[in-house]
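Asker: One-letter residues, chain by chain:
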Amino acid sequence: MSEQSQDPKNALLEQIPSLRAFAVSLSGNQDLADDLVQDTLVKAWAAYSSFQQGTNLRAWLFTILRNTYFSQYRKRRNEVQDVDGAASARLASNANQGDHLDVEDFRRALALLPDEQREALILVGASGFSYEEAAAVSKCAVGTIKSRVNRARTKLIEMLDMDSSTDIGPDIQARAHAF
Amino acid sequence: MSEGFNDAIKKKYGGDPQLQMQMGSLLRQVYGSIIAEPVPDRFSDLLDKLAHAASIQGDRMRESEADQTGDTK
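Top line first, the protein sequences correspond to chains A and B. Under the working numbering, think of the first position of the first sequence as 1, with each following residue one higher. Under the working numbering, think of the first position of the second sequence as 180, with each following residue one higher.
Do not take every clue at face value.
As the list claims (entries may be wrong) - Under 8 Å between C-beta atoms, here's a sample of chain B residues computed to sit facing chain A:
| id | residue |
| --- | --- |
| 1 | GLN199 |
| 2 | ILE213 |
| 3 | VAL218 |
| 4 | PRO219 |
| 5 | LEU225 |
| 6 | LEU229 |
Stated by the list, open to error - Short derived list, chain A residues pointing at chain B, Cβ under 8 Å:
| id | residue |
| --- | --- |
| 7 | LEU13 |
| 8 | ILE16 |
| 9 | SER18 |
| 10 | VAL24 |
| 11 | VAL103 |
| 12 | LEU110 |
| 13 | LEU121 |
| 14 | GLY125 |
| 15 | ALA126 |
Keep in mind that the hints were calculated from the coordinates and are not lab data. The C-beta atom is built at its ideal place from N, Cα and C for all residues, glycine as well.
With the rest of the complex left out, here is chain A (with noise of 0.2 Å):
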């Protein structure tokens, strides 16, 4: 890619979008997100002659975003969830009562697993890595990925009540192609 020639500004600014899906996803807070981000474009700015040109930035950022995440916000995003925490208990009865399942039932459900677990599910299932890149944003060894992931997709099904004839809508799958 064009990484290696953009000065700093551009480089970061076009990783933003990433940076937030990220944020959003791992700390299932908009403004806690926002935050989140904002400390790790200020950080990255600060360390940005030790990143190595070349490798791989998004990577590099999200390794700085999930360190701020999980030594400063996963405080904060506890007390947050303390108070959606009723919206949270509902899920497991409104889940599923119909046959369609809803995205917002699956951010919840998504918000309710470990941090580690939510992490890992998300860097291999959404943002693309494969299991050695999220190992290695996640300091932690591939096969530690491996069981993170594969348990959050046993929680996640068993707290949805999904079975293969769930049906996730039309409008989500033919969203979900454009990704």
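Based on the hints, put chain B in the right spot on chain A.
Answerer: Chain B alone, transformed into the frame defined by chain A:
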């Protein structure tokens, strides 16, 4: 139990390819909808400020180098 042993195992470990596909679609839907949002101004403003601060710092460093190499009275 109406479910076969293999199905139960597959379900337990999330190994059913059909379910994984559905879950993958949902996950990418949630993620993709955020990627598609326009970048809020606060981030481009922030990067402008950081770039501006860096260029001022660069100027100051060049000035102080010039001071040091210039004539000292």
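Asker: Each hint: holds or not?
Answerer: Each hint tested on the structure:
no. : hint   : verdict
1   : GLN199 : holds, 7 Å
2   : ILE213 : holds, 4 Å
3   : VAL218 : holds, 5 Å
4   : PRO219 : holds, 7 Å
5   : LEU225 : holds, 6 Å
6   : LEU229 : holds, 5 Å
7   : LEU13  : holds, 6 Å
8   : ILE16  : holds, 5 Å
9   : SER18  : holds, 7 Å
10  : VAL24  : holds, 5 Å
11  : VAL103 : holds, 6 Å
12  : LEU110 : holds, 7 Å
13  : LEU121 : holds, 7 Å
14  : GLY125 : holds, 5 Å
15  : ALA126 : holds, 4 Å
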